[in-house]
Amino acid sequence: QKEVEQNSGPLSVPEGAIASLNCTYSDRGSQSFFWYRQYSGKSPELIMSIYSNGDKEDGRFTAQLNKASQYVSLLIRDSQPSDSATYLCAVKMNTGFQKLVFGTGTRLLVSP
Amino acid sequence: SAVISQKPSRDICQRGTSLTIQCQVDSQVTMMFWYRQQPGQSLTLIATANQGSEATYESGFVIDKFPISRPNLTFSTLTVSNMSPEDSSIYLCSVVGDAYEQYFGPGTRLTVT
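Respectively, the protein sequence lines represent chains B and Y. For the first sequence, the working numbering begins at 1045 and goes up steadily by one. For the second sequence, the working numbering begins at 211 and goes up steadily by one.
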């Protein structure tokens, strides 16, 4: 089992719809979770962090965490073509070090 | 968040040669990381660079191939040695924020011919 798993996609949604991106992780002791957006040819950009169970909202983005199910998700409301990118889930494992483990990313395509 | 710059932004190199990539941060940071992102793949951690100590390498990466320097709290270099086409990747440095989040530099796109 991979440490952090994501569906590679592509996930295709029409403009204005809600895009739902999912991520599961293997280390039950993990405490910190991050979503990055990466446009083609660019470096990853941090868009959300979440540390406790439940929802965390920031503008059109909502991160959801369920530690019991070892599941974290990212919802993008009112999706725009500019949201088309690869979304990387990253988890800080419970190792005592500050390194992150990244999923393989989900490619999101938002069509006008 | 910190402002991170990398040099060069891209390079095309001959096999068998070496390239040193620089990472500069606008504030002092304890930990810096170096990643590789091969075409169409996710990020793979190469090593963790702490100021004043030897870099810690991940499984599959060795110091002879990827020597790292960390002379102060704002600067680090990664050298890709004796390059082969398989080393063609984007190389990224990152720094850690206050809550374990990481911020990435713009990357160095390396092509080895």
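Hints were generated in silico from the structure; no laboratory data involved. Just so you know, these numbers come straight off a predicted model, no measurement behind them. Any given hint might turn out to be false.
Stated by the list, open to error - Calculated lysine-lysine pairs in the BS3-like style (CA-CA distance at most 30 Å, straight line):
#1 Y:K275 / B:K1143
#2 Y:K275 / B:K1111
#3 Y:K217 / B:K1100
#4 B:K1086 / Y:K217
#5 Y:K275 / B:K1046
To see whether the hints hold, each was checked on the structure:
1. Y:K275 / B:K1143: Since the Cα atoms of K275 (chain Y) and K1143 (chain B) sit roughly 21 Å apart, the hinted pair holds (cutoff 30 Å).
2. Y:K275 / B:K1111: Measuring from Cα to Cα gives roughly 39 Å; hence the hint is violated.
3. Y:K217 / B:K1100: violated (36 Å)
4. B:K1086 / Y:K217: With Cα atoms ~15 Å apart, K1086 (chain B) and K217 (chain Y) stay inside 30 Å; holds.
5. Y:K275 / B:K1046: holds (26 Å)
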